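*Asks:* Here is how the chains run, residue by residue.
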Amino acid sequence: MTLKYILKRVGVFVVTLFVISTLAFIAFSIIPGDPVTRMLGMNASEERIVEMRSELGLDKPIHTRFFKWLQSFVTGDFGKSYSYSIPVRELLSDKVLTTASLSLMAFVFVLAISMPLGLLLSRYSIISSKGAKSSFQRAIISAATALNQIIMSIPPFFTGIIITYVFGLILRFFTPGAFVPYSGNPAAFYAYLIFPALSIALPRSAMVIKLIRGSVLNEAGSDYVRTAYSRGGGQWYVLLVHIMRNALIPVINFLAMTLSDIVAGSIIIEQVFAIPGMGRLLLLSISNRDYPVVQTIVVIIASVVVILNLLADVICQYIDPRIRIT
Amino acid sequence: MIIKKNHYLFFGFIITALVLSIAIIGFFWTPNNPNAIDSSNRFASPSTKYPLGTDNFGRCILSRVVEGIGATVLVAVFTLIIGFGVGLIIGTLTGYYGGWVDELLMRSGDVVMAFPSILLALVFISITGTGRYNVIIALGVLFIPSFARVVRGEFVRIRELDFVHSAKIMGAGPLRIMLVHILPNAIPVLLRFLAIGFNNAVLAEASMSYLGLGVQPPDSSLGRLLSDSQPFLFTAPWYALSAGVAIVLLILGFSLISEGIVLPRSE
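Residue numbers (my numbering), protein chains in the order written: chain L, 74 to 399; chain Y, 908 to 1174.
None of these hints come from the bench; they were simulated from the model.
Since this is a predicted model, take the numbers as computed values, not measurements.
Glycine included, each C-beta is placed from N, C-alpha and C at the ideal position.
Be aware that a few hints might be false.
Stated by the list, open to error - Just the calculated beta-carbon pair ranges, DEER-fashion:
hint, chain 1, residue 1, chain 2, residue 2, range
1, Y, ALA924, L, LEU90, 43 to 53 Å
2, Y, MET1077, L, SER215, 43 to 53 Å
3, L, LEU90, Y, ILE1076, 41 to 51 Å
4, Y, TYR1004, L, GLU124, 49 to 59 Å
5, L, VAL88, Y, GLY1005, 21 to 31 Å
6, L, ALA260, Y, GLY965, 40 to 50 Å
7, L, GLY307, Y, TYR1004, 44 to 54 Å
8, L, SER303, Y, ILE996, 22 to 32 Å
9, L, PHE246, Y, PRO958, 27 to 37 Å
10, L, ILE103, Y, GLY965, 40 to 50 Å
Claimed, not checked - Some chain L residues judged to face chain Y by a derived CB distance under 7 Å, without partners named:
hint, residue
11, PRO228
12, PHE230
13, SER333
14, VAL371
15, ASN382
Model the full assembly from the supplied sequences, consistent with the hints where possible.
*Replies:* Here is the structure:
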């Protein structure tokens, strides 16, 4: 049963990756616009163009090129950038680190902000929905919910602009645009990423907080919760030990989705804070028609997303045995 | 549909009505011509002639924001028309008939939906080229799977209910069952999802324009305004703020509405 399930998942995983890379390859092969003319200029000689085409392998039929590309991609050879004339692998190495650090940092912030606040809000929401508490407490919960709803509605790049203005230009906690590469000074590198990561994390945290609260309130009316209370469990004990175990499942699914959204969202945030990561390179390569770079970045991000989704499924099954059956 | 008497819906409608009426007025009238350059008045502070000041070309910021709201809303609406229109048809047919076509379409939809839409939109735009219409097509197509999934889910849930079986026994044809018996019962869920979809479309349009891939200059759009205003954040903070607040209000209004629509309990 379990083995069959694992095999099925891995099968789907491999097929998905294959489909993604095929689509990425086909998409960038049928685009109008010839990279060779772009590289050599309009008035290059005929022989030079033919020479260049065979050098890049563009004179071969599409399926030959595809299998050659796939083969070298799997072995870690991503081809050569058209516009920089260096291997894509070299071009990407420090950019992957930058984007990965930014995304991970943002994810840690999401967890650090949303888990405590979500639990706190849930705990008091449970009490207030029982109608036993003061109007003051209700007012605070309403205010917190309203604030949460507003923060949720701020797009990450606007959060980034607000943070740049408040912390960068007025309070001068950091200098916007003064990015330090990891190789230059690791500490300054991570310090610069704090505020961009925070910009991604804030609206996301608000969503997670809302989800936690909704999920907890959904469970709070169940029989098992009443039983737990009647056996003498305290508010926090029942919330953490009984309710959370059930309420966390949608949250974990959402967090996995969040992580892949963060990876994609960093494309925009890198633009806001002028961070030379994968996103900036992707945008630049799109306008330069530098297909090997675009293909590589798209396939890398796509693979990360697929792996994260797989991971989320596994974690959810570990927590909730009921899912394992289906 | 049950609309519970609630604050969500109340405030949601007020905010949305406010922003949308600004957008609609903006189609016919703006305080100044949004593209008119007044080079003697660059970076003017808010005044009676320019209520929100002027930008680096001396263009009226308020007029540009008003025009930008309209542009963003239009892109979102057309995106929804494509995404929801096609999604509704696919979802209705697959949800009602099922079978291997259903399985195939939903599996491929899963693959598409597993990816952050912004990444797919970027790839799409890199193939088709930038511009407002390409963004509409790209986002519209990308929204199809999620709409189709929601519609299908509702049809699958409702088609097994007793009243649908009764209708079948009474001799109602498939089309009548789909449109008269099932669809009206799916409306609350669809409306709610439409509001969420609108927000996603606004957010996606703003992001694409912010990255310079959507609406092209000199035309205005909320995302475009934010990226235009960023270099002057220190000297003219109200520029970025007015565009940003417009986006937030637009999204907030619809998210409150979607919260306010109370769904019937699923069995």
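*Asks:* Each hint should be assessed against the structure and marked as holding or not.
*Replies:* Evaluated hints:
1. ALA924/Y x LEU90/L: 43 to 53 Å: holds (47 Å)
2. MET1077/Y x SER215/L: 43 to 53 Å: holds (49 Å)
3. LEU90/L x ILE1076/Y: 41 to 51 Å: Given a distance of about 48 Å, which is inside 41 to 51 Å, the answer is holds.
4. TYR1004/Y x GLU124/L: 49 to 59 Å: holds (56 Å)
5. VAL88/L x GLY1005/Y: 21 to 31 Å: holds (22 Å)
6. ALA260/L x GLY965/Y: 40 to 50 Å: The hinted range 40 to 50 Å holds for ALA260/L and GLY965/Y, with Cβ atoms some 44 Å apart.
7. GLY307/L x TYR1004/Y: 44 to 54 Å: holds (53 Å)
8. SER303/L x ILE996/Y: 22 to 32 Å: With Cβ atoms ~52 Å apart, the hint is violated.
9. PHE246/L x PRO958/Y: 27 to 37 Å: holds (32 Å)
10. ILE103/L x GLY965/Y: 40 to 50 Å: holds (44 Å)
11. PRO228: This interface hint holds because 6 Å falls under the 7 Å limit.
12. PHE230: Holds. Min distance 6 Å.
13. SER333: holds (6 Å)
14. VAL371: holds (6 Å)
15. ASN382: Holds, because the Cβ-Cβ distance from ASN382/L to chain Y comes to roughly 6 Å (cut-off 7 Å).
Comparing the model with each numbered hint stated earlier shows that hint 8 is the single one that does not hold.
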